[in-house]
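K.L.:
Line by line, the protein sequences give chains D and U. 182 is the number that the numbering used here gives to position 182 of the first sequence; each next residue is one higher, with no gaps. 103 is the number that the numbering used here gives to position 103 of the second sequence; each next residue is one higher, with no gaps.
Wrong hints could be hidden among the right ones.
[Claimed, not checked] Pairs of lysine-lysine, DSS-like flavour, derived with a Cα cap of 30 angstroms:
hint, chain 1, residue 1, chain 2, residue 2
1, U, K18, D, K223
2, U, K234, U, K152
3, D, K206, U, K225
[Claimed, not checked] Computed list of chain D residues with no C-beta within reach of chain U, every gap over 10 angstroms:
hint, residue
4, K69
5, R109
6, G262
Treat the hints as calculated values from the structure; they're not laboratory data. Glycine is no exception: its CB is placed at the ideal position from the N, C-alpha and C atoms.
Number of protein chains: 2
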Amino acid sequence: MEKINVMINGLPGKVAKKMAEFAIADHRFNVILFSLTGQEIEDKTITIANLSFELVKPDTRDDKISLIKSRFPFFISIDYTHPSAVNKNAVFYTKNNLPFVMGTTGGDRKQLEQLVKNSSTPAVIAPNMAKQIVGFQAMMEYGANTFPGLFKGYALEVIESHQKGKADTSGTAKAMVGYFNKLGVKFDVNDIQMIREPKIQEEELKIPRSHLKGHGWHTYTLKAKDGSALFEFKHNINGRDIYVSGTFDAVLFLIEKLAKPGESKKLYTMIDVLNKD
Amino acid sequence: MEKINVMINGLPGKVAKKMAEFAIADHRFNVILFSLTGQEIEDKTITIANLSFELVKPDTRDDKISLIKSRFPFFISIDYTHPSAVNKNAVFYTKNNLPFVMGTTGGDRKQLEQLVKNSSTPAVIAPNMAKQIVGFQAMMEYGANTFPGLFKGYALEVIESHQKGKADTSGTAKAMVGYFNKLGVKFDVNDIQMIREPKIQEEELKIPRSHLKGHGWHTYTLKAKDGSALFEFKHNINGRDIYVSGTFDAVLFLIEKLAKPGESKKLYTMIDVLNKD
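Chain D extracted, bound-state conformation:
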């Protein structure tokens, strides 16, 4: 089988690095040795698994992409950059007709979606690439739409723990609160309890020390006010490996879509990727 060319943007960031490591070791992929990066990054190259990647800043990327395209007429871009780069990068991809997987969160999501819809470049856009979490969210959404008010009168508690660096509230937890609201539970996203303190994470939540620097643990607890019932849902992710396989599945999904010339739909989510399986 022919290898799929992929360009991983966001080096030297942690998640992009993880993607590169796994893609290099994966026989399905040929990793292009260029990576879009931020203007503020000082390094010009980064070495991963003995391969040297050239870091391409915004001010030179229009020239560089011509060179890259002359060498690799067809490739999929994987974006794990920065919230502030999401919309600009999407403009770059669609302008250059580069099919892409947007794994970066943040930015103006509506504008992002509209851009892809109106473009001729297909993309998978998903704030969460962990297939099992996406599937669980789809189940919750189904429940919220099918049985609105099912948990009316229940009290909700939401606790989410992430590595110290993460400043904003978990996007997954916010999305889940939306489903619980539809299920009849009164709860405001501002009442989500954010845990960012490593000491509490290790001692109280029992998060393994090796994952204090990279984890996403979520617990949602519903209690009937009379004490007759308790429902609890947890999804605890250690490290970032789980996002890799979801991202690679999204790449394969795009390849399949591109092989069908008549396809007019351009904007896809991880739900589309899951439904394909």
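Given the coordinates of chain D, work out where chain U should sit on it, guided by the hints.
P.N.:
Relative to the frame of chain D, chain U by itself:
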């Protein structure tokens, strides 16, 4: 509004008793003072809330039902009897054209469903009458059908705790295992861990002492083999109050269905009752 006649079968059993207590206190219902019981029951009557119920054994019930029907031309039967009585009782209900809610678990469920389907007697059959659990099961079923294999490679652990008297494995836990199997998890229902020992329930599971004699706690834990992800779902029910409102909703649902003469469907589940809302 005219009161709905209900006959509660399974006295002097605990759940039937609970149903009778609540139905007597509920202005929507008129409780018929007869109850089908097992041949081995020695008492001839039982008094609940100052009302004396006549216990009707299998060997006399064919005669008694004529008497009851002469007094109450129309009523809904609520069955909380015994797994060994499920199929025989269903034959009795359909033969006598008595619409019924089957809350009893166990027995030959396929035969039970087939019997009702081929009969002219509508029934709601559900191994679990707690609406929130039923809704959660429907979400799981949706996930299993929509994303088969989503949790492939995950290890599953199922622990269920019930009061000491409950001999069989939780029917809800078994149904859930079916969904997990479809989601790609290899797991046999025989590997469900049943906790029936009050000491363990109180000390390890922290089940309140007041509910040791009546509870249904379930925990399902999915672990990725590489330790990168854990998903956990819990539904803990204390006491039996939650089953009462679900059962009464099923009674009201049957009344509505019976009011529509053209309806050919006879077999309903709690999902149908929930979808009505």
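K.L.:
Look at each hint and say if it fits the structure.
P.N.:
Consistency of the hints with the structure:
For the given pair, K18(U) sits about 22 angstroms from K223(D) by alpha-carbon distance, which is consistent with the 30 angstroms threshold. Restraint check for K234(U) and K152(U): satisfied, since their Cα atoms lie roughly 21 angstroms apart, inside the 30 angstroms limit. Between K206(D) and K225(U) the CA atoms are separated by roughly 19 angstroms; this keeps the pair inside 30 angstroms, and the hint holds. For K69(D), the condition that its CB be more than 10 angstroms from all CB atoms of chain U holds, with the nearest at approximately 35 angstroms.
For R109(D), the non-interface assignment is confirmed: its Cβ lies about 23 angstroms from the closest Cβ of chain U, beyond the 10 angstroms cut-off. For G262(D), the condition that its CB be more than 10 angstroms from all CB atoms of chain U holds, with the nearest at approximately 25 angstroms.
Figure legend: structure checked against the earlier numbered hints; every hint is met.
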